[in-house]
Amino acid sequence: MERESLDVDVLIVGGGPAGLAAAIRIAQLQSERGGEPLSIAVLEKAREPGAHILSGAVLDPSSLGELLPDFVERGAPLAAEVRRDSVYFLTSRRRLRFPVTPPPLRNHGHYIVSLSRLVRWLTGQAEAAGVDVFAGFAGAELLFDGNRVVGVRTGDRGVGRHGEHKPAFEPGVDVRAPVTLLCDGVRGNLTKQLLARLPLEGRLPQVYALGFKELWDLPAGRVGAGTVVHTLGYPLRPEEFGGGFIYALPDNRIALGLVVGLDYRDPHFDPHAAFQRLKQHPMVAGLIEGGQLVKYGAKALPEGGWYTIPTPYADGVLIAGDAGGFLNSLRLKGIHLAIKTGMLAGETAFEAVRAGDASAGRLAAYRQRLDESTVRRELYPVRNVHQAFASGLATGLAYAGVALLTRGWWFRDPWPGEAGHERLVKRADYYGSDPPPEDASANAVKPDRLTTFDRLTNVHYSGTRHEEDQPSHLIVHDTDICRTRCIREYGNPCTRYCPAQVYEMVDDGQGGKRLQINASNCVHCRTCDIMDPYQIVDWVPPEGGGGPQYEGM
Amino acid sequence: MILVVAEQRDGAINKASLEAVVAAQQVGDAVKAVLLGGDLEPAAAELARARVEAVLTVSDPALAAYTADGHVIALEQVIAAESPELVILPHTYQTRDFAPALATRLGRPIVTDCVGLGRQGSTVTFTRPMFQGKVLADVVIEADPPWLATVQVGAFKAEALEQGSSPVPIVPVKVEIADGAIRQRPEAPFREARQAVDLTRADRIVAVGRGIKGEEHLEIARGLASALGAELAASRPICDNGWLPMDRQIGSSGQTVAPKLYVALGISGAIQHVVGMKGAKVIVAVNKDPEAPIFEISDYGIVGDLFDVVPAIIKELSA
Numbered sequence: 014m015e016r017e018s019l020d021v022d023v024l025i026v027g028g029g030p031a032g033l034a035a036a037i038r039i040a041q042l043q044s045e046r047g048g049e050p051l052s053i054a055v056l057e058k059a060r061e062p063g064a065h066i067l068s069g070a071v072l073d074p075s076s077l078g079e080l081l082p083d084f085v086e087r088g089a090p091l092a093a094e095v096r097r098d099s100v101y102f103l104t105s106r107r108r109l110r111f112p113v114t115p116p117p118l119r120n121h122g123h124y125i126v127s128l129s130r131l132v133r134w135l136t137g138q139a140e141a142a143g144v145d146v147f148a149g150f151a152g153a154e155l156l157f158d159g160n161r162v163v164g165v166r167t168g169d170r171g172v173g174r175h176g177e178h179k180p181a182f183e184p185g186v187d188v189r190a191p192v193t194l195l196c197d198g199v200r201g202n203l204t205k206q207l208l209a210r211l212p213l214e215g216r217l218p219q220v221y222a223l224g225f226k227e228l229w230d231l232p233a234g235r236v237g238a239g240t241v242v243h244t245l246g247y248p249l250r251p252e253e254f255g256g257g258f259i260y261a262l263p264d265n266r267i268a269l270g271l272v273v274g275l276d277y278r279d280p281h282f283d284p285h286a287a288f289q290r291l292k293q294h295p296m297v298a299g300l301i302e303g304g305q306l307v308k309y310g311a312k313a314l315p316e317g318g319w320y321t322i323p324t325p326y327a328d329g330v331l332i333a334g335d336a337g338g339f340l341n342s343l344r345l346k347g348i349h350l351a352i353k354t355g356m357l358a359g360e361t362a363f364e365a366v367r368a369g370d371a372s373a374g375r376l377a378a379y380r381q382r383l384d385e386s387t388v389r390r391e392l393y394p395v396r397n398v399h400q401a402f403a404s405g406l407a408t409g410l411a412y413a414g415v416a417l418l419t420r421g422w423w424f425r426d427p428w429p430g431e432a433g434h435e436r437l438v439k440r441a442d443y444y445g446s447d448p449p450p451e452d453a454s455a456n457a458v459k460p461d462r463l464t465t466f467d468r469l470t471n472v473h474y475s476g477t478r479h480e481e482d483q484p485s486h487l488i489v490h491d492t493d494i495c496r497t498r499c500i501r502e503y504g505n506p507c508t509r510y511c512p513a514q515v516y517e518m519v520d521d522g523q524g525g526k527r528l529q530i531n532a533s534n535c536v537h538c539r540t541c542d543i544m545d546p547y548q549i550v551d552w553v554p555p556e557g558g559g560g561p562q563y564e565g566m
Numbered sequence: 007m008i009l010v011v012a013e014q015r016d017g018a019i020n021k022a023s024l025e026a027v028v029a030a031q032q033v034g035d036a037v038k039a040v041l042l043g044g045d046l047e048p049a050a051a052e053l054a055r056a057r058v059e060a061v062l063t064v065s066d067p068a069l070a071a072y073t074a075d076g077h078v079i080a081l082e083q084v085i086a087a088e089s090p091e092l093v094i095l096p097h098t099y100q101t102r103d104f105a106p107a108l109a110t111r112l113g114r115p116i117v118t119d120c121v122g123l124g125r126q127g128s129t130v131t132f133t134r135p136m137f138q139g140k141v142l143a144d145v146v147i148e149a150d151p152p153w154l155a156t157v158q159v160g161a162f163k164a165e166a167l168e169q170g171s172s173p174v175p176i177v178p179v180k181v182e183i184a185d186g187a188i189r190q191r192p193e194a195p196f197r198e199a200r201q202a203v204d205l206t207r208a209d210r211i212v213a214v215g216r217g218i219k220g221e222e223h224l225e226i227a228r229g230l231a232s233a234l235g236a237e238l239a240a241s242r243p244i245c246d247n248g249w250l251p252m253d254r255q256i257g258s259s260g261q262t263v264a265p266k267l268y269v270a271l272g273i274s275g276a277i278q279h280v281v282g283m284k285g286a287k288v289i290v291a292v293n294k295d296p297e298a299p300i301f302e303i304s305d306y307g308i309v310g311d312l313f314d315v316v317p318a319i320i321k322e323l324s325a
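As you go down the protein sequences, you meet chains A and B in turn.
What the first sequence shows, in the numbering used here, is residues 14 to 566, in sequence order.
What the second sequence shows, in the numbering used here, is residues 7 to 325, in sequence order.
Worth double-checking, as some hints may not be accurate.
Unchecked claim - Only part of the chain B face toward chain A is listed, based on derived beta-carbon distances under 8 Å: (1) Met252; (2) Ser258; (3) Gln261.
Unchecked claim - Cut-off 30 Å, straight-line C-alpha distance, at most; resulting in silico cross-link-like pairs (DSSO-like, lysine-lysine): (4) Lys163(B) to Lys219(B); (5) Lys526(A) to Lys439(A); (6) Lys219(B) to Lys287(B); (7) Lys180(B) to Lys321(B); (8) Lys219(B) to Lys180(B); (9) Lys294(B) to Lys526(A); (10) Lys294(B) to Lys459(A); (11) Lys266(B) to Lys294(B); (12) Lys180(B) to Lys21(B); (13) Lys459(A) to Lys180(B); (14) Lys266(B) to Lys287(B); (15) Lys266(B) to Lys526(A); (16) Lys284(B) to Lys219(B); (17) Lys459(A) to Lys284(B); (18) Lys294(B) to Lys219(B).
I should point out that these hints are in silico values taken from the structure, not numbers from a laboratory.
On a predicted model such as this, the values are computed, not experimentally measured, just so you know.
All residues carry an ideal CB built from backbone N, CA and C; glycine is no exception.
Okay, chain A solo, but in the shape it has when bound (with noise of 0.2 Å):
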């Protein structure tokens, strides 16, 4: 097949903060140092930049503020600076406030923002430096030559949903380039290829977690902007890592949200169901009652620390961001890290592509780089947290404090890590012999359609639309398994975890049930390719342009 190609200096693949963090630090060192021009491009799968994107969030303005000085001048949107924080232990009924806020979760100086609005803001300040942001087109794989990477594939347009080939059929194009950035976030596909190909992986698996968030409209007077409320324990059990938060926005505007690791132990557990106790907990009840749910969505986090991190670069490549796994979950944070790696892969490889050398040797001063900045002063000492947390939320809290005081020492140092998945126990061995029906959630809840909602409503509210005639964009690579063997195991957890109800298990018409994929109520998450026990499903992009619709998110 006949396939335009594009060759330009660097290619950095998702518009995210790490991606438009490289793109400005490449063409900033371009403008100081001068020479030939170099072209920078950066392909989005969203078709409006910042349209995929969403994070709690509160903004560590540090690294922002490393790339462009005035960024308050140039008019980054800020929503509200962080005035009070606190923390809150909650068992089903009641709230127990820490005394103090521990230091890590101490945002004093940080800002409260929607990513989304932040990101659309970046790609302004990259396309005004002369970037190229080709935003609707998402990577659909690598190019090699050998083992060096040259180029990325962008995904075909006009396909049919039986893969035949429509009128408006255009094949992707080939952009290659001398050096190409991996930005693709979490569970990236593209980073997942080159893991796959090279031996890159780091000393422990990675561990994610699942993040929902909404927007709600409240009544006036609830709470003041600026106010940042983060919550332990209830709706999850001691076994399960996570918590809530709540980031007050102005105009009497709050995001909320729950964090659930995705290393929990119980087949039958619903991170969704989860998410709706937390709304009706009281504390949070009392506050969004009477308010309008705005806006949905969930991502994965990459949350296993610095041990899980993959070795960043390779022949004509790097990653940098969530692809890399450069994110502090004791913290909470990542999109400083994102913008930080960003930037040094960024000047990494324009020196590359300056001295016309992007071999591995030479991209290695990005290790380097890393280890000499603020990503590893701040990662290193708490390298074994989340991994102690895998042991029960009282071991993970000691040893948090521990590694406060120890700058991350430990008699196990790296302290064993498995992945999330495959902590997940089988309905027999969880349950014994009374387990609960295939198709049920351990802490289901009847949603009451006014602060509680059931998957295909919220779905709805993250404006996910999708060109419905194209193949499935989840790739399951043997669906016998989940009619067969997963059901009986583990009662066909995807049906659970899943934030969009993609998956669902209906009536074969013989008596049986067969999977069905609801591909465009995909939110490009990721989390089924990190979750599902069986490791067969793939995430894949979908036409570019398709999947959520962030805005203010």
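Go by the hints and put chain B onto chain A.
For chain B alone, kept in the frame of chain A given last:
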């Protein structure tokens, strides 16, 4: 004066254009309509019966087949000559193709997908949905006229069209279209699916959902549709299963309809479906589950098994 850009194809005015005239009649006394194309006589004669001041026809060989450039060039000149306060267009696929370019060419603001228009003195308020219909925003334009607005299909009722006492003059208008100014070369129109249906034109719709259980049971819904003289439609799972073609899907990923009668069989009423049909005048729902959300928006609700209820209705209708 308000200028309505009406759409015609093969001599017929589409319903959405009549709705746009209704919208104009609601906010202004002086309304003119303009038609573009090749042979416009039959369409113009139909429009001339409405209560408007005049029907302008821009007939030019270069406009015979639709092109975005042709429409922008012609309408720019018509708007300059007529200097309307407001230009209203139906929010059709064709309008979506050229209207943003027209607004840019004129350097005028455009408010799209309006579901309501209001006037107080010289202030016109445009109501348009945001957040996928969750919020309605009232928009007031501060810039000087002319303004452009598109109206959502089905938001105004074509039946409410005020007719004039006698046909109004049809005024041919000449425009200059330079050679080479039209950059698109249109090919003959075609329908991608041979039997494509336009559910937005149906007065009655019978829609089926998961409650129908199997493809073989669709006959029962077809029976009701033919007894009612209605089109058959479906919620998403039915089309996903391939039991009905996708062009029969109602909802946020299908068509948005506003028929006089909408019969929902075995449809639970997920919000994705409801946004596509809540504008129906009379909604009848049949569902086994008394707590199904569809009953919240139904005018008539029947809690029962559709396999019992529907045959009874068919029998009653054909009695």
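Now the hints, each set against the structure:
no.	hint	result
1	Met252	6 Å, holds
2	Ser258	7 Å, holds
3	Gln261	12 Å, violated
4	Lys163(B) to Lys219(B)	35 Å, violated
5	Lys526(A) to Lys439(A)	19 Å, holds
6	Lys219(B) to Lys287(B)	27 Å, holds
7	Lys180(B) to Lys321(B)	59 Å, violated
8	Lys219(B) to Lys180(B)	59 Å, violated
9	Lys294(B) to Lys526(A)	22 Å, holds
10	Lys294(B) to Lys459(A)	18 Å, holds
11	Lys266(B) to Lys294(B)	24 Å, holds
12	Lys180(B) to Lys21(B)	26 Å, holds
13	Lys459(A) to Lys180(B)	65 Å, violated
14	Lys266(B) to Lys287(B)	5 Å, holds
15	Lys266(B) to Lys526(A)	39 Å, violated
16	Lys284(B) to Lys219(B)	24 Å, holds
17	Lys459(A) to Lys284(B)	25 Å, holds
18	Lys294(B) to Lys219(B)	13 Å, holds
Violated hints, listed in ascending order, are 3, 4, 7, 8, 13 and 15; each of the other numbered hints is respected by the structure.
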